[in-house]
Amino acid sequence: MAAVQETIDQVKSIDVTEYKYGFVTELEVEKPAKGLTEDTVRYISARKNEPAWMLEWRLDAFRRWKTMTEPAWARVNYPPIDYQNIYYYAAPKGPAPQSLDEVDPAILDAYKKLGIPLSEQEILAGVAPENRVAVDAVFDSVSVVTTFKKELAQAGVIFCSISDAIQEHPELVKKYLATVVPVTDNYFATLNCAVFTDGSFVYIPKGVRCPMELSTYFRINEQNTGQFERTLIIADEGSYVSYLEGCTAPKRDENQLHAAVVELIALDDAEIKYSTVQNWYPGDAEGKGGIYNFVTKRGDCRGKNSKISWTQVETGSAITWKYPSCILRGDGSRGEFYSIAVSNGAQQVDSGTKMIHLGKNTTSKIIAKGIAAGKSDSTYRGMVSAHRKATGARNFTNCDSLLIGDQCGAHTIPYIEAKTATAVFEHEATTSKIGEDQMFYCQQRGLSEEEAVALIVNGFVKEVLQQLPMEFAVEAQKLITISLEGSVG
Amino acid sequence: MLEIRNLVVKIADEDKQILNGLNLTVNDGEVAAIMGPNGSGKSTLSYVIAGKEDYEVLDGEILLNGENVLEMEADARAAAGIFLAFQYPLEIPGVATMTFLKAAMNAQRRARGEAELLTPDFIKAVNGAADKLGIAKDMLRRPLNVGFSGGEKKRMEILQMALLAPSMCILDETDSGLDIDALRIVADGVNALRDKNRGFLVITHYQRLLDHIIPDTVHVMSQGRIVKTGGKELALELEKSGYAAYVEAA
Chain F
1 MAAVQETIDQ VKSIDVTEYK YGFVTELEVE KPAKGLTEDT VRYISARKNE
51 PAWMLEWRLD AFRRWKTMTE PAWARVNYPP IDYQNIYYYA APKGPAPQSL
101 DEVDPAILDA YKKLGIPLSE QEILAGVAPE NRVAVDAVFD SVSVVTTFKK
151 ELAQAGVIFC SISDAIQEHP ELVKKYLATV VPVTDNYFAT LNCAVFTDGS
201 FVYIPKGVRC PMELSTYFRI NEQNTGQFER TLIIADEGSY VSYLEGCTAP
251 KRDENQLHAA VVELIALDDA EIKYSTVQNW YPGDAEGKGG IYNFVTKRGD
301 CRGKNSKISW TQVETGSAIT WKYPSCILRG DGSRGEFYSI AVSNGAQQVD
351 SGTKMIHLGK NTTSKIIAKG IAAGKSDSTY RGMVSAHRKA TGARNFTNCD
401 SLLIGDQCGA HTIPYIEAKT ATAVFEHEAT TSKIGEDQMF YCQQRGLSEE
451 EAVALIVNGF VKEVLQQLPM EFAVEAQKLI TISLEGSVG
Chain P
1 MLEIRNLVVK IADEDKQILN GLNLTVNDGE VAAIMGPNGS GKSTLSYVIA
51 GKEDYEVLDG EILLNGENVL EMEADARAAA GIFLAFQYPL EIPGVATMTF
101 LKAAMNAQRR ARGEAELLTP DFIKAVNGAA DKLGIAKDML RRPLNVGFSG
151 GEKKRMEILQ MALLAPSMCI LDETDSGLDI DALRIVADGV NALRDKNRGF
201 LVITHYQRLL DHIIPDTVHV MSQGRIVKTG GKELALELEK SGYAAYVEAA
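Chains F and P, in that order, give the protein sequences.
Counting in this note's numbering, the final residue of the first sequence is number 489, and the numbers go up one at a time with none missing.
Counting in this note's numbering, the final residue of the second sequence is number 250, and the numbers go up one at a time with none missing.
Same shape as in the complex, but just chain F (with noise of 0.2 Å):
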């Protein structure tokens, strides 16, 4: 019919300027050569000045990720990667600054441009001191501040960079580091061991609930580089923190890699929610360019009456593959999984969470959303199980799609294993389509095309949404609607 072609013209036309976080900042930046060699290792390790252990650690897991092969069970196309030919390393040139004033006025600026500013003075116009954010600015590998680090010290909370931490704090690094990801987990985690140059580390101590939220907001710059961030997030018994991720990247015509590992750590009576806005560069309509966000989170309810949440609102890199998921290993324990995944053009996710109930009476729930325009490809994959001694786990799974336009997928993949009688698991998934007999209607009633899509893809998130902090949950309204822009004809 004429206006399914002229939806298909539409998408196919679908200007990737849309992207407008696509602006590269020009510094002078010091890099290894290309590739990955002991020496490279070497060079990243003795960049950050770490001590003796950390480089061991590095080189073993660098050791082991020779031996291991890139995996290929994701609904996910994309040719092989050349791991020699990336940069595993680029700061801008000169000391590390010490203090603000010290950071480049260029990365301030593109900062700024990201809407992200990063003087505290600037913060705190205007905005009430319950509503503060601090933030820790990662570009390309290097943290280049982050902001209210005194004022978290003075409440016993620990916020730096994960550079830092290995420095100042390597005894809570040392008992933390890789207890939820172990090194070997998967290949993209091995190789990020290895060679894992900056991330954030927070620790709450007992009791504390944070005075405010955190946040780490990633950039890469430079061209043919991985950026492979690293972040450890461990709340002491009974303490609670809200930490907020944000992803962008300049669009460039090379595939970059994004492969990151996070783990939490939440100890008895701990809560700890983890939120991501993700939007890296996603290519063009074509598939040309755009991040590979191969990412490994994991959370560890550790202790009794633990809870993690994940919240996720995933709408760029041209293909994800992540997985945040939690181990309900204490007692009582509570995982939660709030996704909404975009995904228009040629993009491609593989996408959804793991809920591995171990203790007794563990609780979790996922509520995931898919949405599919264009020529994209969206795969829920999700893993809920149950060991035999974790007696009265329950969870319940909700996970809906919709397609908008007939040229893109939507599929859901669930595992469930229960060896427990007394677990309850419940699924429910639907898959609708925004059809032009929909359109019509509301058009008939005076809405245009796009806010038409726009007030049914709000109605279809509104439950994932909600699970944002207030003013995250404006923003990743917006960034849905202008994701799906030109999606119907």
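No lab work stands behind these hints, which were simulated from the structure alone.
Even for Gly, the Cβ is constructed at its ideal location relative to N, Cα and C.
Worth double-checking, as some hints may not be accurate.
With beta-carbon atoms standing in for the labels, derived distance ranges [as the list claims (entries may be wrong)]:
id	chain 1	residue 1	chain 2	residue 2	range
1	P	117	F	463	22 to 30 Å
2	F	421	P	137	38 to 46 Å
3	P	134	F	470	33 to 41 Å
4	P	117	F	475	52 to 60 Å
5	P	177	F	72	51 to 59 Å
6	F	80	P	137	56 to 64 Å
7	P	16	F	433	20 to 28 Å
8	P	118	F	71	49 to 57 Å
9	F	433	P	25	37 to 45 Å
10	F	435	P	137	45 to 53 Å
Fit chain P to the supplied structure of chain F, relying on the hints for placement.
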């Protein structure tokens, strides 16, 4: 005022011609009924007036208050005053009825260069109109038309008609699937909206609806044309003798 002149329409991508030089005028304040057998093109006519994309207009024009609407998108026609009460209203999952109503009303106001409604005014308007149609508040919080009964869906169409205050209302087989009580509620809702500045085009198979919504004029449609026009008594005559004579005449 709605004027349709020599309208020739076919289904896009097919050779099948549905409307064959149709002429029709509905004056402000007039309630015109169109009756006709299945396949005579009644629903197509309503879709083409409202601007559905599945059709190709080969000839003729449709004027609303003297302005040709054929070049306008469906949402612009809605803002200009055309409202179509659907035979099968669509479900909009995840969007609360209240949210949908507000979005639609404000979209039309924006398109006409008017200020958006204030929330208290909006709520007052919706509650007043819903009460008249016997629509429970709980229904307004549910996603539009999702899980609504046939009667509830039709009442919801009339609620939207009341709130959007169009100048030209088209009712496509509004009586289909309604029991007699629901039919009366819907008809009362429509009658309450009769106004000297508003025209109605009521499309129906049966006389039954016209016992409740008394038309000023009755048109008989067959094979994509208006083949006879008369007063309300024409509907009664059709009820007795059927459409056979007109099918042959066309």
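_Please check whether residue 134 of chain P and residue 470 of chain F have a Cβ separation lying inside 33 to 41 Å._
Holds: the Cβ-Cβ distance is about 38 Å, inside 33 to 41 Å.
Go ahead and decide if the range 20 to 28 Å is satisfied by the Cβ distance of residue 16 of chain P to residue 433 of chain F. holds, 26 Å
Margin query: Between the beta carbons of residue 117 of chain P and residue 475 of chain F, is the distance compatible with 52 to 60 Å?
Written below: violated, 26 Å
* To do: Could you check the hint for me, namely that residue 117 of chain P and residue 463 of chain F are 22 to 30 Å apart, CB to CB?
  => holds, 27 Å
Whether the CB-CB distance between residue 118 of chain P and residue 71 of chain F falls inside 49 to 57 Å: Given about 56 Å between the Cβ atoms, the range holds.
ask   = Is the hinted range of 51 to 59 Å satisfied by the C-beta distance from residue 177 of chain P to residue 72 of chain F?
value = Check passed, 53 Å falls within 51 to 59 Å.
*How does the Cβ-Cβ distance of residue 421 of chain F and residue 137 of chain P compare with 38 to 46 Å: does it lie in that range?*
Because 44 Å falls inside the window, the suggested range holds.
| request: Confirm or reject the claim that residue 433 of chain F and residue 25 of chain P have a C-beta distance inside 37 to 45 Å. | output: For residue 433 of chain F and residue 25 of chain P the Cβ distance comes to about 39 Å; the hint holds.
| field | Consistency of beta-carbon spacing, residue 137 of chain P to residue 435 of chain F, with hint 45 to 53 Å | value | Roughly 29 Å apart at Cβ, these two residues miss the hinted range, so it is violated.
*Consistency of beta-carbon spacing, residue 137 of chain P to residue 80 of chain F, with hint 56 to 64 Å*: Given a distance of about 60 Å, which is inside 56 to 64 Å, the answer is holds.
Of the hints listed earlier, those the structure fails to meet are numbers 4 and 10, in rising order.
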